[in-house]
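**Q** Each chain is listed here by its residues.
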Amino acid sequence: MGKEKIISIFAILLLLVGTSSAVYVEVNKISTASIKINGQEYSIEELFNLGEIITIDTDEGEKIGVSIESMIIKSNIGCPPCFIYIIKGADGFQQTVEWEIMKTGILTDYPRVYFPDTAHKFWVKGVYEIEVKQQ
Amino acid sequence: MNKFRLLAGILAFGSLWGTTESYIGSALDNAGLPSGSIMTCFFAMSFLLFSRLYFKQAGMQLGMGVVAGSLKLFNPFVAGCHLCSGIAIMVEGAVFEAIWFFISRDLKELKSINIQVSLGIISAYFMFIVGNIVTQILTPVVQGIGFYLNDLIVFLPRILARGILPALIGAVIVPIIILSLKIDIKLKDKLYYPTALGISLICWFIVIGNWFLA
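Those protein sequences? They're chains A and B, same order as listed.
Numbering of the first sequence is given in this note's numbering, commencing with residue -10 and proceeding in unit increments.
Numbering of the second sequence is given in this note's numbering, commencing with residue 319 and proceeding in unit increments.
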């Protein structure tokens, strides 16, 4: 088989991988009507009533939301520093963070998490679950 | 090729790439457009491929990635994830270098439109997905937060899916760049260094200079 044919077949294969991944992502889309924390479902309003509303400074300006620290403490998770937290977004993106980072953050009403001192990669969008896991 | 001439080329093309990433990339991001995909396939591919086929020097694109990535890292003025983008840009340069290392620098061997389109797809797709994967790993490591493999595994299908747009635009960009090389562009030796250094200085000034003005 010639070099040109191999390169063309490889390019087609890559497009097939991309297309099938796009289909998989579309099929597994998640609704963000509520947020599950440690297995319990909450609406955004409930979470805003549960925790303290604070403003934090980020490199994108001020952000207002419910303090994750107060939200987690009030959602009856004993010993928050003993766990790691997996924040899951509707687009399939998730980030695992430790309590030291988690307690600095907020959850906005859009719903997105912001942490003042981390790269934007940790600012998960469309949050639908915060899984609490043993370290 | 003269080493200083090559260094000046790396600096000029890398600075142009970094400046477009800092400003156009951020503007696309603010407009809610897929800036990573558009920047990778359009600007990065154009600068990398043009310089590769014009200078015909291996290693140049790796250097351009380092220059462009550094410029993005030093850009505190425009909103966006500078660390993630800076790492992604450097990786894109390295991936391009790795792919094109095995491909002839002789334009005659890249004559077939079929091979041009295929190379556009392969280069842009790999640059985007490898850049993205390495960013997911290195950003938390560099920040000292810790990397969790499972975070990457669950996000992998989306990264692979997002690579489609850069791949398709890459398929169009490569033939266009190769066609543009038929225009005889030659810069006189006397003008080469002032032009390369002038472009670099302007680029670094408008990015870094903003840091002092902000």
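Just to be clear, a hint being listed does not mean it is correct.
Unchecked claim - Chain A stretches covered by chain B per the calculated footprint, using a threshold of three residues with CB under 8 Å from any CB of chain B:
(1) -1 to 13
(2) 74 to 87
(3) 101 to 110
Said to hold, decoys possible - Derived CB-CB ranges, DEER-like:
(4) Lys63/A - Leu519/B: 14 to 22 Å
(5) Asn432/B - Ser23/A: 49 to 57 Å
(6) Leu324/B - Ala22/A: 52 to 60 Å
(7) Lys122/A - Phe523/B: 42 to 50 Å
(8) Tyr466/B - Gln29/A: 20 to 28 Å
(9) Leu4/A - Leu505/B: 57 to 65 Å
(10) Gly115/A - Lys321/B: 37 to 45 Å
(11) Leu2/A - Phe419/B: 54 to 62 Å
(12) Gly28/A - Tyr372/B: 55 to 63 Å
(13) Pro69/A - Phe322/B: 52 to 60 Å
(14) Ser59/A - Leu467/B: 47 to 55 Å
(15) Phe392/B - Ile53/A: 24 to 32 Å
(16) Asp48/A - Leu467/B: 22 to 30 Å
(17) Leu519/B - Glu(-7)/A: 50 to 58 Å
Keep in mind the hints are simulated off the structure, nothing from the lab.
All C-beta atoms in this analysis are idealised placements derived from N, C-alpha and C, irrespective of residue type, glycine included.
**Q** The structure should be examined with respect to each hint, and the outcome stated for every one.
**A** Now the hints, each set against the structure:
1. -1 to 13: holds (count 10)
2. 74 to 87: holds (count 9)
3. 101 to 110: holds (count 4)
4. Lys63/A - Leu519/B: 14 to 22 Å: Given a distance of about 55 Å, which is not inside 14 to 22 Å, the answer is violated.
5. Asn432/B - Ser23/A: 49 to 57 Å: holds, 51 Å
6. Leu324/B - Ala22/A: 52 to 60 Å: holds, 57 Å
7. Lys122/A - Phe523/B: 42 to 50 Å: holds, 48 Å
8. Tyr466/B - Gln29/A: 20 to 28 Å: Because 23 Å falls inside the window, the suggested range holds.
9. Leu4/A - Leu505/B: 57 to 65 Å: The hint (57 to 65 Å, Cβ to Cβ) is violated, given that Leu4/A and Leu505/B are roughly 38 Å apart.
10. Gly115/A - Lys321/B: 37 to 45 Å: Cβ of Gly115/A to Cβ of Lys321/B: about 50 Å, so the range 37 to 45 Å is violated.
11. Leu2/A - Phe419/B: 54 to 62 Å: violated, 21 Å
12. Gly28/A - Tyr372/B: 55 to 63 Å: holds, 59 Å
13. Pro69/A - Phe322/B: 52 to 60 Å: About 58 Å separates the Cβ atoms of Pro69/A and Phe322/B, which means 52 to 60 Å holds.
14. Ser59/A - Leu467/B: 47 to 55 Å: Once the Cβ atoms are compared, 31 Å apart, the range 47 to 55 Å for Leu467/B and Ser59/A is violated.
15. Phe392/B - Ile53/A: 24 to 32 Å: 30 Å Cβ-Cβ, so the 24 to 32 Å window holds.
16. Asp48/A - Leu467/B: 22 to 30 Å: Given about 28 Å between the Cβ atoms, the range holds.
17. Leu519/B - Glu(-7)/A: 50 to 58 Å: violated, 43 Å
Of the numbered hints listed earlier, those contradicted by the structure are 4, 9, 10, 11, 14, 17.
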